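All chains, please: the whole structure from these sequences, using the hints.
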Amino acid sequence: MKNIFFETDVFNMSTNQYIKLILLQMLVKWCWIPVILILCCVILAYTINVAFVYVALMLVFIIIPTVLMFAYFYHSSSTEARVAILRKSIKISDSGILIDFEPVETVVYDDSSKSKVYQPQPIFYPKNDVVSVCIMGNYVKIILRGGRYKFINIPLTQIKGDVNDFLAYILQYNS
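Anchor point for the sequence shown: position 91 equals 90 in numbering that gives the first Met the number 0, and the numbering is continuous, going up by one each time.
Keep in mind that the hints are not guaranteed to be accurate.
Unchecked claim - In silico lysine-lysine, DSS-like type, Cα no more than 27 Å apart, as pairs:
{"id": "1", "residue 1": "K19", "residue 2": "K90"}
{"id": "2", "residue 1": "K19", "residue 2": "K149"}
{"id": "3", "residue 1": "K159", "residue 2": "K149"}
{"id": "4", "residue 1": "K140", "residue 2": "K19"}
{"id": "5", "residue 1": "K90", "residue 2": "K159"}
{"id": "6", "residue 1": "K28", "residue 2": "K140"}
{"id": "7", "residue 1": "K90", "residue 2": "K140"}
Think of the hints as simulated: they come from the structure by calculation, not from any bench.
No experiment lies behind these values; they were computed from the predicted model shown.
This is the structure in structure tokens:
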């Protein structure tokens with residue numbers, strides 16, 4: 000990777016932040032389904048039978064939270080979640096994005112005084128894998144090809160160098 004233009008300090012994203020971003024994207028795309036189901040139950044309760052109010056309440060308090068829980072566990076165990084929550088530094092150049100991970104210390108459960116150090120392999124995304132770039136408050140979100148929830152979130156506070164130059168460069172980084 001030649002000509003590194005921008006680099007970040009070592010940072011990570013909490014699992015809570017990552018899942019909030021995923022669930023927000025899911026709710027924007029799929030929120031019409033539970034709304035229509037609840038509206039149908041209310042209309043049926045008004046026109047046919049009051050028992051449909053109970054069905055609407057079951058949807059709101061049992062079924063929808065359960066679906067959100069399954070979505071949470073499904074997305075929190077994905078490879079993208081692992082990439083998001085590990086401590087890493089990111090180097091951006093004209094050829095692509097290199098994610099370099101910090102070593103991870105794991106505890107051996109047989110003997111708590113021993114631990115192993117695991118070094119995750121760096122990941123390189125070529126520039127043509129970048130689908131879009133958007134600014135979300137204090138973060139820059141780089142959306143990658145290969146899945147709806149495959150993205151890199153970079154906090155602007157972790158950028159080495161001038162943030163305005165980074166924003167000008169990254170916004171024209173789309174392929």
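Here's how the hints hold up against the structure:
The straight-line distance between the Cα atoms of K19 and K90 is roughly 25 Å, inside the 27 Å bound, and the hint therefore holds. Restraint check for K19 and K149: satisfied, since their Cα atoms lie roughly 14 Å apart, inside the 27 Å limit. Using a Cα cut-off of 27 Å, the hinted pair K159 and K149 holds, with the two alpha carbons roughly 24 Å apart. Taking the CA atoms of K140 and K19, the gap is about 14 Å. The hint holds against a cut of 27 Å.
Simply put, K90 and K159 have alpha-carbon atoms about 10 Å apart, close enough for the 27 Å limit, and the pair holds. Of the supplied pair hints, the one linking K28 and K140 holds, its CA atoms being roughly 18 Å apart against a limit of 27 Å. At roughly 15 Å between alpha-carbon atoms, K90 and K140 fall within 27 Å of each other, so this suggested pair holds.
The earlier numbered hints are all upheld by this structure, with none contradicted.
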